[in-house]
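Undergrad: Here is how the chains run, residue by residue.
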Amino acid sequence: MQDISLHLLDIIENSVRAEARNIKVRVINNVQKNRLRIIVEDDGVGMDSHTLEKAQDPFYTSKLQREKKVGLGIPLFKQNAEMVGGTFKMASEPGFGTVLTVDFTLDHIDRMPLGNLKDTLLNVIIGHSDVDYCVHLIYRDKAKEQCFYLDTKAIREELGDIPLTYPDVIEYIDQSLFEGIQNTNMEDV
Amino acid sequence: MKTLADLKKIREKAQEDMKLRGGNVRIKISVGMGTSGIAMGAREVMKTFLEEIAARNLSDVLVTQTGEKGLSSMEPVVDLIEEGKPKVTYGNMNPDKVKKVVVEHIVNGRIVSDYVVATGD
Numbered sequence: 001m002q003d004i005s006l007h008l009l010d011i012i013e014n015s016v017r018a019e020a021r022n023i024k025v026r027v028i029n030n031v032q033k034n035r036l037r038i039i040v041e042d043d044g045v046g047m048d049s050h051t052l053e054k055a056q057d058p059f060y061t062s063k064l065q066r067e068k069k070v071g072l073g074i075p076l077f078k079q080n081a082e083m084v085g086g087t088f089k090m091a092s093e094p095g096f097g098t099v100l101t102v103d104f105t106l107d108h109i110d111r112m113p114l115g116n117l118k119d120t121l122l123n124v125i126i127g128h129s130d131v132d133y134c135v136h137l138i139y140r141d142k143a144k145e146q147c148f149y150l151d152t153k154a155i156r157e158e159l160g161d162i163p164l165t166y167p168d169v170i171e172y173i174d175q176s177l178f179e180g181i182q183n184t185n186m187e188d189v
Numbered sequence: 190m191k192t193l194a195d196l197k198k199i200r201e202k203a204q205e206d207m208k209l210r211g212g213n214v215r216i217k218i219s220v221g222m223g224t225s226g227i228a229m230g231a232r233e234v235m236k237t238f239l240e241e242i243a244a245r246n247l248s249d250v251l252v253t254q255t256g257e258k259g260l261s262s263m264e265p266v267v268d269l270i271e272e273g274k275p276k277v278t279y280g281n282m283n284p285d286k287v288k289k290v291v292v293e294h295i296v297n298g299r300i301v302s303d304y305v306v307a308t309g310d
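From first to last, the protein sequence lines are chains A and B. Using my numbering, the letters of the first sequence correspond one by one to residues 1 to 189. Using my numbering, the letters of the second sequence correspond one by one to residues 190 to 310.
No wet-lab data here; the hints were simulated from the structure. Owing to the predicted nature of the structure, the values given are computational and were not obtained by experimental measurement. Only true hints are included.
Here are the simulated DSS-like cross-link-like pairs (lysine-lysine), alpha carbons at most 25 angstroms apart as the crow flies:
id, chain 1, residue 1, chain 2, residue 2
1, B, Lys-274, B, Lys-286
2, A, Lys-24, B, Lys-191
3, A, Lys-153, B, Lys-202
4, A, Lys-54, A, Lys-24
5, A, Lys-24, A, Lys-144
6, A, Lys-144, B, Lys-191
7, B, Lys-258, B, Lys-288
8, B, Lys-276, B, Lys-289
9, B, Lys-288, B, Lys-217
10, B, Lys-276, B, Lys-258
11, A, Lys-153, B, Lys-198
12, A, Lys-153, B, Lys-217
13, A, Lys-54, B, Lys-258
14, B, Lys-274, B, Lys-288
15, A, Lys-153, B, Lys-191
16, A, Lys-33, A, Lys-89
17, B, Lys-197, A, Lys-153
18, B, Lys-286, B, Lys-217
19, A, Lys-24, A, Lys-153
Could you build all of it, start to finish, from the sequences and the hints given here?
TA: Take a look at the structure:
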């Protein structure tokens, strides 16, 4: 994976596979604290402490149906954060869901870029249109705080029986995300 | 700025549209979005499908994403599922190939056999 947004896509896929119906994604660019924080919270099946530990092991996978013996998604994300002075935390409760918090040191020279956040978010919102998403982007520095918020439940309410996958709605969400990412300075992080 | 009020206009237009053609899904596109698919460019493949479909206003085509399908060496992998027809799986996809599949297969109904890696279930 070349950037954080691709890892984020991979992590959200995990949530969907864990039967999440609601996924909350927060990206916090805190210049003051020199920290880029990603939080993904889902209400999927969750994991017990044994599985939670195993999930960070590259030779473990929850995908039972094939001969696949490795699961690199989580271990690689963890490695990419820890390598540059960041942290990777996963908390989970069977039956309630999972919360993943990843911190990157903002100005670390080897930190991978945030990448194309817009395409990751648009993909998961449209590609799993039966899941609801809360997207919260926050930019913070000494002088100001800028926020962007997108809630697919609110969009659905306005749309009535028109699906999120309708072409004009895709364009609307794409445009909203684009504006939100610009307003929170998340383009070239 | 996009606001929720913009959605009202979209809703009105979409409802008219649905009345005309009944709101059926003619083709379902399923992009493999497992770890290996993502690493090989599945996100750009999916994004190109979304762009092409929005640009052509193909409101009877549904784009979804799924986990890995066990075809890791051929990622990014895309399934095209059309009612009453065998499933067509395209492999080693990229944005240019997606554009061709949209024009040839989805709009004109001709399978792009050069990119097919599997058919049926």
